[in-house]
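For the sequence shown, full-length UniProt numbering begins at 1 and goes up steadily by one.
Hints in this document: simulated from the structure, not taken from any laboratory. Computed from a predicted structure; not experimentally measured. The beta carbon of each residue, even a glycine, is placed where N, CA and C say it ideally should be. Hints are not guaranteed to be accurate.
What the hints assert, rightly or not - Pairwise CB distance ranges (calculated): (1) CYS28 <-> GLU80: 16 to 26 angstroms; (2) LEU11 <-> GLY167: 31 to 41 angstroms; (3) ARG148 <-> HIS187: 21 to 31 angstroms; (4) GLU84 <-> GLY167: 36 to 46 angstroms; (5) GLN192 <-> GLN106: 23 to 33 angstroms; (6) ASP5 <-> THR65: 14 to 24 angstroms.
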Amino acid sequence: YIIFDDADFELAVDQALNGGYFHAGQVCSAGSRILVHNDIKDKFEKALIDRVSKIKLGNGFDQDTEMGPVISTAHRDKIEGYMEVAKKDGATIAIGGKRPEREDLQAGLFFEPTVITDCDTSMRIVQEEVFGPVVTVEGFADEEEAIRLANDSIYGLAGAIFTKDIGKAQRVANKLKLGTVWINDFHPYFAQAPWGGYKQSGIGRERS
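Could you put together the complete structure from these sequences and hints?
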């Protein structure tokens with residue numbers, strides 16, 4: 001995600017929640033990396049953490065459940081390992097980062113929805129695909145830095161831009177090395193549209 005300071009703030013928070021945690025983040029195009037303009041970064045982090053704290057974990061057959069378990073014990077162990085890596089690299093686990101303590105969840109492969117702050121692009125937690133309910137938040141100063149940070153990755157499947165300035169959105173989208181770029185939305189799919197990634201995402205495409 002690239003969230004500019006002129007974005008519809010509530011929409012951006014809603015879509016960050018949607019993109020980061022549906023299917024417990026086990027989606028190739030999950031919005032696991034969030035870039036936020038420095039002027040609204042603190043406000044955004046606070047709002048996102050508040051919303052994440054209210055996500056209800058549970059059985060997927062329960063209508064009240066908002067997030068289910070991860071796929072296997074080995075995968076949960078891998079996610080836990082990334083938490084240790086993040087802390088060692090100097091990032092802050094602002095919420096989550098562990099197995100839930102609720103007694104009724106102990107038999108399942110649950111992992112708390114997680115927000116990691118104080119990140120920079122060099123960190124493994126930012127550069128590698130965790131494939132779990134984990135999002136990282138980084139700040140940026142201007143349009144050029146947002147583009148540079150977004151493209152500083154071996155992956156390039158999908159992303160989203162949040163701004164009320166459609167000209168800026170189109171300008172930035174054209175400079176992102178991503179197969180799909182959504183504007184003021186995340187994860188709408190259309191059967192008529194192509195789907196593919198750049199760099200190490202998907203099956204690639206020519207000259208990417």
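Problem - Those earlier numbered hints the structure runs against, lowest number first - result: 2, 5, 6
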